[in-house]
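Visitor: One letter stands for each residue in the lines below.
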Amino acid sequence: DPKIIQKPKYLVAVTGSEKILICEQYLGHNAMYWYRQSAKKPLEFMFSYSYQKLMDNQTASSRFQPQSSKKNHLDLQITALKPDDSATYFCASSQDPGQGADTGQLYFGEGSKLTVL
Amino acid sequence: GDQVEQSPSALSLHEGTGSALRCNFTTTMRAVQWFQQNSRGSLINLFYLASGTKENGRLKSTFNSKESYSTLHIRDAQLEDSGTYFCAAEAGNYKYVFGAGTRLKVIA
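Protein sequences, first through last, are from chains F and Y.
Take the first sequence: its letters are residues 1159 to 1275, numbered as in the working numbering.
Take the second sequence: its letters are residues 11 to 118, numbered as in the working numbering.
Bound conformation, chain F alone (with noise of 0.2 Å):
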């Protein structure tokens, strides 16, 4: 069973709409993440949580925020959106790194695909 549930697997949107990407990890971790993956670069890092706070934001641009309802929750709503913003998006979590071994590991989720006509 997966234990990192992203919803939906794939959207299409058109520009200028909003959507939201459902992040939900059953693996008792503190720490979630959004990464993104598109044609034109790696996996790049978008943001981290621990216990429902911000700890890193490197996005850009304020059209991504994420929402934790809770702690094993972590959705991101993308506003206004734009053809660029096509890509697959990955949620991961880990335990709160540095606290012991391996405690930092990722684990990720099958990601959604995001693609905006």
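These are calculated hints, taken from the structure and not from any lab test.
Just so it is clear, CB atoms sit at the ideal spot from N, CA and C, and this is done for glycine as well.
Among these hints, one or two may not hold up.
[What the hints assert, rightly or not] Calculated cross-link-like contacts (lysine-lysine; reagent style DSS-like; alpha-carbon spacing at most 25 Å):
{"id": "1", "chain 1": "Y", "residue 1": "Lys-115", "chain 2": "Y", "residue 2": "Lys-70"}
{"id": "2", "chain 1": "F", "residue 1": "Lys-1271", "chain 2": "Y", "residue 2": "Lys-105"}
{"id": "3", "chain 1": "F", "residue 1": "Lys-1228", "chain 2": "Y", "residue 2": "Lys-105"}
{"id": "4", "chain 1": "Y", "residue 1": "Lys-105", "chain 2": "F", "residue 2": "Lys-1161"}
{"id": "5", "chain 1": "F", "residue 1": "Lys-1271", "chain 2": "F", "residue 2": "Lys-1161"}
{"id": "6", "chain 1": "F", "residue 1": "Lys-1165", "chain 2": "Y", "residue 2": "Lys-70"}
{"id": "7", "chain 1": "Y", "residue 1": "Lys-115", "chain 2": "F", "residue 2": "Lys-1199"}
{"id": "8", "chain 1": "F", "residue 1": "Lys-1161", "chain 2": "F", "residue 2": "Lys-1229"}
{"id": "9", "chain 1": "F", "residue 1": "Lys-1165", "chain 2": "F", "residue 2": "Lys-1271"}
{"id": "10", "chain 1": "F", "residue 1": "Lys-1229", "chain 2": "Y", "residue 2": "Lys-105"}
{"id": "11", "chain 1": "F", "residue 1": "Lys-1177", "chain 2": "F", "residue 2": "Lys-1167"}
{"id": "12", "chain 1": "F", "residue 1": "Lys-1199", "chain 2": "F", "residue 2": "Lys-1165"}
{"id": "13", "chain 1": "F", "residue 1": "Lys-1161", "chain 2": "F", "residue 2": "Lys-1240"}
{"id": "14", "chain 1": "F", "residue 1": "Lys-1199", "chain 2": "Y", "residue 2": "Lys-105"}
{"id": "15", "chain 1": "Y", "residue 1": "Lys-70", "chain 2": "F", "residue 2": "Lys-1211"}
[Claimed, not checked] A few chain F residues facing chain Y, derived, Cβ under 8 Å:
{"id": "16", "residue": "Glu-1182"}
{"id": "17", "residue": "Gly-1186"}
{"id": "18", "residue": "Asp-1242"}
{"id": "19", "residue": "Thr-1246"}
{"id": "20", "residue": "Pro-1255"}
{"id": "21", "residue": "Leu-1264"}
We have chain F; now place chain Y onto it with these hints.
Guide: Just chain Y, lined up with the frame of chain F:
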């Protein structure tokens, strides 16, 4: 910013042969992780290392934090090893920086 240089960018191996992938880091990294991305796009955990060497079957990885590099050795390559391999360096708390990937094709 933190940089990870991964090489080679692409590699073809005949079945039964082996090779090494390498990641160089521009700053001191706390740990490194290696992933295989398969044809369905799934990211499969291979290794997580804070130091030293780990081995799993036909794969072996080393992380030298002092000299800022990590390697992934593949031996006796099989067709199912084809895919893209990424290293990810733990650059700080809650931040991992990925290399650009190595596209591996194993040929029968």
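Visitor: Each hint: holds or not?
Guide: Checked hints:
1. Among the hinted pairs, Y:Lys-115 with Y:Lys-70 is consistent with the structure: their alpha-carbon atoms are about 18 Å apart, no more than 25 Å.
2. A distance of roughly 22 Å separates the Cα atoms of F:Lys-1271 and Y:Lys-105; the hinted pair therefore holds under the 25 Å criterion.
3. A C-alpha spacing of about 21 Å is found between F:Lys-1228 and Y:Lys-105, which places the hinted pair at or below 25 Å, so the restraint holds.
4. For the hint linking Y:Lys-105 to F:Lys-1161, the alpha-carbon distance of about 21 Å falls within 25 Å, and the restraint holds.
5. Between the alpha carbons of F:Lys-1271 and F:Lys-1161 the distance comes to roughly 19 Å, so the proposed pair stays at or under 25 Å and holds.
6. Restraint check for F:Lys-1165 and Y:Lys-70: not satisfied, since their Cα atoms lie roughly 34 Å apart, outside the 25 Å limit.
7. Note on Y:Lys-115 and F:Lys-1199: the hinted pairing holds, with a Cα-Cα distance of about 20 Å set against a maximum of 25 Å.
8. For the hint pairing F:Lys-1161 with F:Lys-1229, the CA-to-CA distance comes to about 15 Å; that is within 25 Å, so the pair holds.
9. Our distance criterion of 25 Å between C-alpha atoms is met by F:Lys-1165 and F:Lys-1271, whose separation comes to about 10 Å.
10. The suggested pairing of F:Lys-1229 with Y:Lys-105 holds, with an alpha-carbon distance near 18 Å, which does not exceed 25 Å.
11. Straight-line distance between C-alpha atoms of F:Lys-1177 and F:Lys-1167 comes to about 13 Å, which keeps the hinted pair within the 25 Å bound.
12. With a C-alpha separation of about 23 Å, the suggested pair F:Lys-1199 and F:Lys-1165 falls inside the 25 Å cut-off, and the hint holds.
13. Annotation: proposed proximity of F:Lys-1161 to F:Lys-1240 is violated, straight-line Cα distance about 31 Å (limit 25 Å).
14. Taking the CA atoms of F:Lys-1199 and Y:Lys-105, the gap is about 17 Å. The hint holds against a cut of 25 Å.
15. Taking the CA atoms of Y:Lys-70 and F:Lys-1211, the gap is about 36 Å. The hint is violated against a cut of 25 Å.
16. The restraint placing F:Glu-1182 at the interface with chain Y is violated, with a minimum CB-CB distance near 17 Å, outside the 8 Å limit.
17. The interface hint given for F:Gly-1186 is violated, since its Cβ lies 17 Å from the closest Cβ of chain Y, which is over the 8 Å cut-off.
18. Using the Cβ-Cβ criterion of 8 Å, the hint placing F:Asp-1242 at the interface with chain Y is not satisfied: the shortest such distance is roughly 19 Å.
19. With a cut of 8 Å, the hint placing F:Thr-1246 at the interface with chain Y holds, because the nearest CB-to-CB distance is about 6 Å.
20. Nearest Cβ of chain Y to the Cβ of F:Pro-1255: about 6 Å, under the 8 Å cut. The hint holds.
21. Taking 8 Å as the C-beta cut-off, the interface hint given for F:Leu-1264 holds, the closest approach to chain Y being about 6 Å.
Consistency with the previously given hints fails for numbers 6, 13, 15, 16, 17 and 18, ordered from lowest to highest.
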